[in-house]
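K.L.:
Protein sequences, first through last, are from chains A and B. Quick note: the first sequence, position 496, residue 507 per this note's numbering, numbers continuous. Quick note: the second sequence, position 114, residue 152 per this note's numbering, numbers continuous.
Hint data in this document are derived by calculation from the structure and do not stem from the laboratory. Glycine residues also receive a C-beta, built at the ideal position from the N, C-alpha and C atoms. Errors might be hidden in some of the hints.
What the hints assert, rightly or not - Capping the alpha-carbon separation at 20 Å, the derived lysine to aspartate or glutamate pairs in EDC-like fashion look like this:
(1) A:Lys799 with B:Asp50
(2) B:Lys250 with B:Glu182
(3) B:Lys61 with B:Glu43
(4) B:Lys61 with A:Glu800
(5) B:Lys53 with A:Glu804
(6) A:Lys641 with A:Glu716
(7) A:Lys806 with B:Glu46
(8) A:Lys852 with B:Glu43
(9) B:Lys244 with B:Glu154
(10) A:Lys336 with A:Glu800
(11) A:Lys866 with B:Glu46
(12) B:Lys61 with B:Glu46
(13) A:Lys806 with B:Glu47
(14) B:Lys251 with B:Glu178
(15) B:Lys61 with A:Asp367
As the list claims (entries may be wrong) - Residues from chain A shown here face chain B by an in silico Cβ test under 7 Å; the list is partial:
(16) Ser230
(17) Tyr364
(18) Arg372
(19) Ala828
(20) Gly831
(21) Thr862
(22) Val992
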Amino acid sequence: MSENQPDNRMPCAAEKPIGAVMVVGAGVSGIQAALDAANSGFKVYLVDKAASIGGKMSQLDKTFPTNDCSMCILSPKFLECATNPNISILTDSEVDAVHGEAGNFTVDLVQQPRYVDSDKCTGCGVCAEYCPVGITDEYNAGLSKVKCIHLPFPQAVPAVSVVDPSQCLFLQRTECQICVPTCNVRAIDFHQQTKKHEIQVGSVILAPGYDVFDPSEQSQYGYDRYRNVVTSLEYERLLSASGPNGGVLRRPSDGATPLKIAWIQCVGSRDVAAGNPYCSSVCCMVAMKQVILSKEHIPPLEMVILHNDVRAFGKGFERYYERAKALDGVRFEWAKPSVVGEDPETHAVTLRYRLDGTRVREEAFDLVVLSVGLSSPPGNRALADRLGISLGEEGFCGTSALHPMETNRSGIYACGVFCGPMDIPDSVTMAGGAAAMATERLGRSRGSLVSEKSYPEERDIRGEPPRVGVFVCHCGTNIVKSVAVSDVVAYAETLGGVVHAQEDTFSCSIDSIKRMVRTIKEKDLNRVVVAACTPRTHEPVFQDALRQAGLNPFLFEMTNIREHCAWVHMGDKKRATQKAGDLVRMATAKAGMLTPLSRRPYAIQHAALVIGGGISGMVCALSLANQGIKVHLLERKNVLGGMAGRLRYTVEGDDVQAYLKRLIERVYHHLLVQVHMGSEIKDFSGYVGNFRTTLLTGAQKVSVEIQHGVTVVATGAQEFKPHEYLYGNNNQVLTHLELEEEIHAENDRIKECRSLVMIQCVGSRDDERPYCSRVCCGQAVKNALKLKEINPEMKIYVLYRDMRTYGLMENAYRDAADQGVTFIRYHETDKPEVTAKGGGKTLQVLVTEPTLGKKLMLEADLVSLAAATVPPENNHSLSQALKIPLNADGFFMEAHMKLRPVDFPTDGIFMCGLAHNPKRISESVAQGYAAASRAMTVLSQEEMRGEGAICRVNAQRCTGCSVCEEVCPFHAVAVSPESGVAEVNSALCKGCGLCAASCRSSALDVMGNNEEQVFSLLLALSANS
Amino acid sequence: METVEPFEEAIDLIKDAGGDAFKLCFQCGLCTASCPWNTVRTFMPHRMICESRYGLVDLEDESWWQCTTCNQCVDRCPRGVAITDVLGAVRNILLNFEYRMAPVSLRSAMGSLSGEGNPWGGERKDRSAWTKDTGITPFESSHEALYFSCCVPAYDTRLGNVARATGRILQKAGVSFGTLGNLESCCGESVRKAGNREVFESLAKKNIEAFKKAEVKEIITTSPHCYTTFKNDYPELGGIFEVRHVTQVLDRLIGQGEIAFTKEVKKKVVYHDPCYLGRHNGIYDAPRRVLESIPGLQLMDELNARENTLCCGGGGGRIWMETLKGERFSDILVAQAAQQGADILATACPYCILNFKDSVATAEMDGNLEIMDVSELVEMAL
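Only chain A is shown next, with the shape it has when bound in the complex (with noise of 0.2 Å):
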């Protein structure tokens, strides 16, 4: 596609570009390309069409294969977008057409009118109350009633009600108007009508998302009939806290307790005659989240999934299947089954399903859960229509596998599932890739449209006494349900200090945030207590609000009463609700004694070093080298291109070599970036902004010192050599990748092979390596097809343990089918069986045949294996000399496996591509950009903020012992030999205390958790309540 193009990556060059770029749908995937892009220095314009932003992601319960809370991992996404300056959040808004080009695109945006002022709208929710009209609740999948002025859903934002115009009496047939007069900030206006918008932007990113599948469609499910069948996404709203039944699941024909429940899976994918051929992706990793909650909400449960390849391919996909497997009364059936019908009496529903090749079982179910796919919104294609934007056949963004996020339009990028089924990790990283690859060609306008967020003047309360607000917040009901939250108000207001204390629904919904903004100002309050989640969720939320209300930040004290209180002593209400106030009385206490603390700024270095020369650290340095960034390329062979050297074509049939040889001249041809081959690493130091790396190049191994303000970690993976099936003692035993390149240099044996015989998951999720290569079945199908194209006559059979062609890589599996390839499933407890006969001329493959039930003995001139994908060996010393973590399977680990899929836990150093996990080549060029565009917001940034509450050394007392020196994980305090005292590194220093435990002189002070303070919790722990 880009062939013919001018090259994306150039910057513009008439007139200067517009430094603004805009997200079309501001789900997950829209909201981070929004967040990376506005922290880089660009005006971003977030539309959607929905009244609030939040898109699937809001309506989901928990996420995998975490388990966290959806919203309560999205939210504070959401307070930043709406609190960013730089962010214009346009919702009920649709495109209707872009004109212009690239660097210049005027955008008409038609707004639809919510009836409702959000100026001054507070989404406090009385004229709900008032509203007549009961609607279909969306955001609860249709499960339950809302009024039709309404707030989309607790957390929406903006949190501004809003009028359904098709129900509402007043717009329909001019009556009522009961809500108008409830509001007492006259909020809601009739009058309003729709708005046109004339946008200018550099760049546009397309992320509209899309709809789950409709089963009423097929009627073999009996969604429509029976009561007890419902939709994946209904079951997410069942389990929610926030959904109809408050989170205690019920079954829809009568409310009684189901026992049993049954999930069908490929409900609208991988099916022709449902007319959506491809595989949704993320299904089966939901239905197994769904089986996992499942269990803590009702323990007793039995449940059955049944599936046709369970597909969990992702980061700790396969480690999350196993313990959905593990889990008592849970089952994995291979079978599709259908739906026979339902108990009159019960309503029970009987699914009936082959075992194997002999029997057939029916079973009855109080529940089923139908795992609907993915599909694309008419919306979509009547958005692409408008915008000359072209789809494929199912619906979903025609780009290519090499120029992931690139569309037909110049200027105009796409991410998401509007690209195809993918799940939160990569619909973000996508998203990541497209805000690199949009602001790009915007460099030189940089900056020219963005605004600083302004906070009033900080307050100096020195020598005032305590004046405490507390925030009791119920957290939805995750701890209202265990801990009684009035009671704790309370009991806080009577504590000392304490000059206010109220509870919240959300303490970090928007709405909240304001209150307290304005309660610390009309109360005079000088400090804030939030008693609620962990404060890995929204402390700088709420440190953000001190900073609105002129309270220095640091001022403030969270205690969690949710994972220390609510969610582990749930069921003993009486004897939470004390521990709760125990913990409001402690954190009260050290609040009173907490001083301001600042962040000292400092300069940064505006260079990175991306450590390996693959396909994604070269498409990251060029993203970062074509945003005005100097780069280090440091590769550890003599040659660039890593895992990809040895691949010829992707699935799609792209042409790899032409691919990466001129992505190689372009690494090697542009002036901003520096190729350091034969390198590798011998020290490294420093922080973000500032690292310090001395390299080792070359034959010589001369030392070269480089300053960089972020580090890329791209140092990929390798192949695993197989032990088994004869490999590496019959030449006749190949590997994928071998017999990709055989294939390539059209080899005789190759040409002349009359059987073929493909074993997959060779070293992969066993229990060496508990995890899935992700990328070999794709190379299976890729490769047979290739071999089909050589000879059809070819046999080529492919035994699989689950066959995992994700997403549209579906249809090349049936491709493959159509074309005569046999696929045999064998189950990792009966491993095929290779041999040699005939003085090693030709090879037996022994496999059992499932539905057969008999051994099926296959004869085959090359068996290929599909060789798992394993992590270099160096990873563990480059762990420990970056100080990066590492996941159980040897890969880096990421700060968030959800929403932070690019980012280290430690401040300014990435990761993309192989060394982060298995995936295939335009996987690692979205990831390369997408580590990119997160480089770019500390780069964009002139100077940098150190921690405030870091630790502080008292001269006097210090004896220069250097015993925190050593111990000092971020190298962040020594001994000066100027002063012979200890020095600490207020940019380094996180605060972690290790070095004030280790003193013998007590000289070391953790500011805001010092001895007096940590001393205050204690002794108001032991005092009485």
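Once you have looked at the hints, place chain B on chain A.
P.N.:
Just chain B now, kept in the frame of chain A:
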């Protein structure tokens, strides 16, 4: 555990006989889960597809004769495997290999088809006996359409009424039509599904010659089976005609006001979708519109209707074969209709009517539940 090898020659035979659809199968088992046979016994089409793929077919297994070609499996198969084609290919091979492996009743039907052009053992010269005193004339090229009655109404005394009722309606509506009487042979649909390609082709060619000679352009059929084969299988043998099922014609005539109802039929009627009208050809609404237009008629759907209808058990040549008591689908359908409080179980296929009638008799429900064709109900209200 036994060790086997793929039997290449058998695989090639099956492919040549039109059964290479097995290659797309990924053994999900939805066909087995959906097949009506599993309501009364164990029957595993997915296993039979698997056996075909490896050429490891047990020719003596009577399962190969079970399939009624109801298409429930084909309709739902996520890979679009033409399952019935694979089974048909194996049947074809079975018949070629060892003719006596076919059920006795099937063999006698085939013999009658070859000899007299119908499967019932009747003589060719009696084929047009049902037209006596109806005023129906032999087809001429000036006629709009050929009315093709199907062998069942032609030779079955009860079902002869269906053909006569249809004739009367068409005459009343002013449709110009005729029949080719003894020149007609069985359409051959069922014998083809039963695996006998040769007999089918000889019947088809005979019909095509006769139709062409008479300059037939449009054919109206009573049986959805005749409809399907005229539409799908005759063209590649040179017989290209416009084909309509009688319910489509009635639907059009009623819609255009060519048929006027003067009487009421105050009955509760359950409509059964014949497999070959519904699933095979997507004709669900025309017969319903026809029934709903009859004054006084109260129409109900079956428990499982439209694409999910339970087969009566007559397709795939099984109308000629013995089905064990307790395994008859039509028994289930008749019982369901009775439970729904139906006066009449109506349908639009002669095989369905034959089977339903049998079931009503065995269940001793004569007089409690009537079995009627849609055309008969229309005629009652004329």
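K.L.:
Determine for every hint whether it applies to the structure shown.
P.N.:
Here's how the hints hold up against the structure:
1. With a C-alpha separation of about 18 Å, the suggested pairing of lysine 799 (chain A) with aspartate 50 (chain B) holds against the 20 Å cut-off.
2. Restraint check: the Cα-Cα separation between lysine 250 (chain B) and glutamate 182 (chain B) comes to about 14 Å, which is no more than 20 Å; the hinted pair holds.
3. The suggested pairing of lysine 61 (chain B) with glutamate 43 (chain B) holds, with an alpha-carbon distance near 17 Å, which does not exceed 20 Å.
4. Restraint check: the Cα-Cα separation between lysine 61 (chain B) and glutamate 800 (chain A) comes to about 17 Å, which is no more than 20 Å; the hinted pair holds.
5. Restraint check for lysine 53 (chain B) and glutamate 804 (chain A): satisfied, since their Cα atoms lie roughly 14 Å apart, inside the 20 Å limit.
6. A threshold of 20 Å between alpha carbons decides the hint, and for lysine 641 (chain A) with glutamate 716 (chain A) the separation of about 14 Å falls inside it, so the pair holds.
7. Taking the CA atoms of lysine 806 (chain A) and glutamate 46 (chain B), the gap is near 11 Å; set against the 20 Å cutoff, the hint holds.
8. Taken as a hint, the lysine 852 (chain A) and glutamate 43 (chain B) pair is honoured in the structure, with Cα atoms around 19 Å apart against an allowance of 20 Å.
9. As the CA atoms of lysine 244 (chain B) and glutamate 154 (chain B) are separated by approximately 12 Å, the hinted pair is consistent with the 20 Å bound.
10. With a CA separation close to 40 Å, the supplied pair lysine 336 (chain A) and glutamate 800 (chain A) exceeds the 20 Å bound.
11. Proposed proximity of lysine 866 (chain A) and glutamate 46 (chain B) is supported: the alpha carbons are some 17 Å apart, at most 20 Å.
12. The straight-line distance between the Cα atoms of lysine 61 (chain B) and glutamate 46 (chain B) is roughly 14 Å, inside the 20 Å bound, and the hint therefore holds.
13. Distance hint between lysine 806 (chain A) and glutamate 47 (chain B) is fulfilled; the C-alpha atoms sit about 14 Å from each other, no more than 20 Å.
14. Under the criterion of a C-alpha separation no larger than 20 Å, the hint pairing lysine 251 (chain B) with glutamate 178 (chain B) is consistent with the structure, at around 10 Å.
15. Taking the CA atoms of lysine 61 (chain B) and aspartate 367 (chain A), the gap is about 19 Å. The hint holds against a cut of 20 Å.
16. Interface restraint check for serine 230 (chain A): the shortest CB-CB distance to chain B comes to about 6 Å, inside 7 Å, so the restraint holds.
17. Given hint, tyrosine 364 (chain A) at the interface with chain B, holds; its Cβ is 5 Å from that chain's nearest Cβ, closer than 7 Å.
18. A least Cβ separation of about 9 Å between arginine 372 (chain A) and chain B goes past the 7 Å threshold, and the interface hint is therefore violated.
19. For the restraint placing alanine 828 (chain A) at the interface with chain B, the shortest Cβ-Cβ distance is roughly 5 Å, inside the 7 Å limit, so the hint holds.
20. About 5 Å separates the beta-carbon of glycine 831 (chain A) from the nearest beta-carbon of chain B, less than 7 Å, and the hint is met.
21. At its closest, the beta carbon of threonine 862 (chain A) sits 4 Å from a beta carbon of chain B; the interface hint therefore holds under the 7 Å criterion.
22. Given hint, valine 992 (chain A) at the interface with chain B, is violated; its Cβ is 72 Å from that chain's nearest Cβ, farther than 7 Å.
Violated hints for the displayed structure, listed by number in ascending order: 10, 18, 22.
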